[in-house]
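Please build the complete structure, drawing on both the sequences and the hints.
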Amino acid sequence: MAAVAVAEFQRARSLLGTDRNASIDILHSIVKRDIQDCDEEAVRVKEQSILELGGLLAKTGQAAELGGLLKYVRPFLNSISKAKAARLVRSLLDLFLDMEAATGQEVELCLECIEWAKAEKRTFLRQALEARLISLYFDTKCYQEALQLGSQLLQELKKMDDKALLVEVQLLESKTYHALSNLP
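Sequential numbering from 1 applies to the sequence shown in full-length UniProt numbering.
Treat the hints as calculated values from the structure; they're not laboratory data. The structure displayed is predicted, hence computed values, not measured ones. Certain hints may be false.
[Said to hold, decoys possible] Label pairs and their computed distance ranges (CB to CB):
#: 1; residue 1: 167; residue 2: 51; range: 24 to 32 Å
#: 2; residue 1: 17; residue 2: 145; range: 36 to 44 Å
#: 3; residue 1: 36; residue 2: 158; range: 41 to 49 Å
#: 4; residue 1: 155; residue 2: 79; range: 29 to 37 Å
#: 5; residue 1: 34; residue 2: 171; range: 39 to 47 Å
#: 6; residue 1: 3; residue 2: 32; range: 15 to 23 Å
#: 7; residue 1: 124; residue 2: 11; range: 30 to 38 Å
Idealized CB from N, CA, C, for every residue including glycine.
Shown next as structure tokens:
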């Protein structure tokens, strides 16, 4: 099973330069395939396929498909470690948000990912996604939402030991206050 997936993944990577659509189709088939949790090689190939497919969809400007991929892989994320799942979610969401496709679904998708992280009790992922949402609110000039979420997150982060995220949220809050010309 894993050997077939590895061969297909290699074929998809070799087709990247010549036929992106065929490569996307092959990666879709690998991602949609059910795998055994105990087969580490198959899990690794599926993780790589998800990231590769996300990158391809972002390069080709297929925002709706990338958003759908993020929702589709959630059951698979429950079967891998929380750190790997968090990395995959953050990577796919960053690809989606960095596309600047202006689909209007950026905030909605980010909120859905935050709700999923809450439901799965993945606190650190939720906090990182909320920081990304604050940045998104700032970029879309939704300053009040950014400040409201930022103040909640700051209270939480001060109790935790994630200094880097704390500083990032404080910086976003300062940028928001500056944009409002409401300097303390």
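The hints, checked one at a time:
1. Separated by about 27 Å at the C-beta atoms, residue 167 and residue 51 satisfy the suggested range of 24 to 32 Å.
2. Judged by the Cβ atoms, the range 36 to 44 Å given for residue 17 and residue 145 holds: they are separated by roughly 42 Å.
3. The supplied range of 41 to 49 Å is met by residue 36 and residue 158, whose beta-carbon atoms lie about 43 Å from each other.
4. Separation of residue 155 from residue 79 is about 33 Å and conforms to the stated range, judged on CB atoms against 29 to 37 Å.
5. In this structure, residue 34 and residue 171 meet the distance hint of 39 to 47 Å, their C-beta atoms being roughly 43 Å apart.
6. Taking the beta carbon of each, residue 3 and residue 32 are about 18 Å apart, inside 15 to 23 Å as hinted.
7. Between residue 124 and residue 11 the CB atoms are about 36 Å apart, so this pair conforms to the stated range of 30 to 38 Å.
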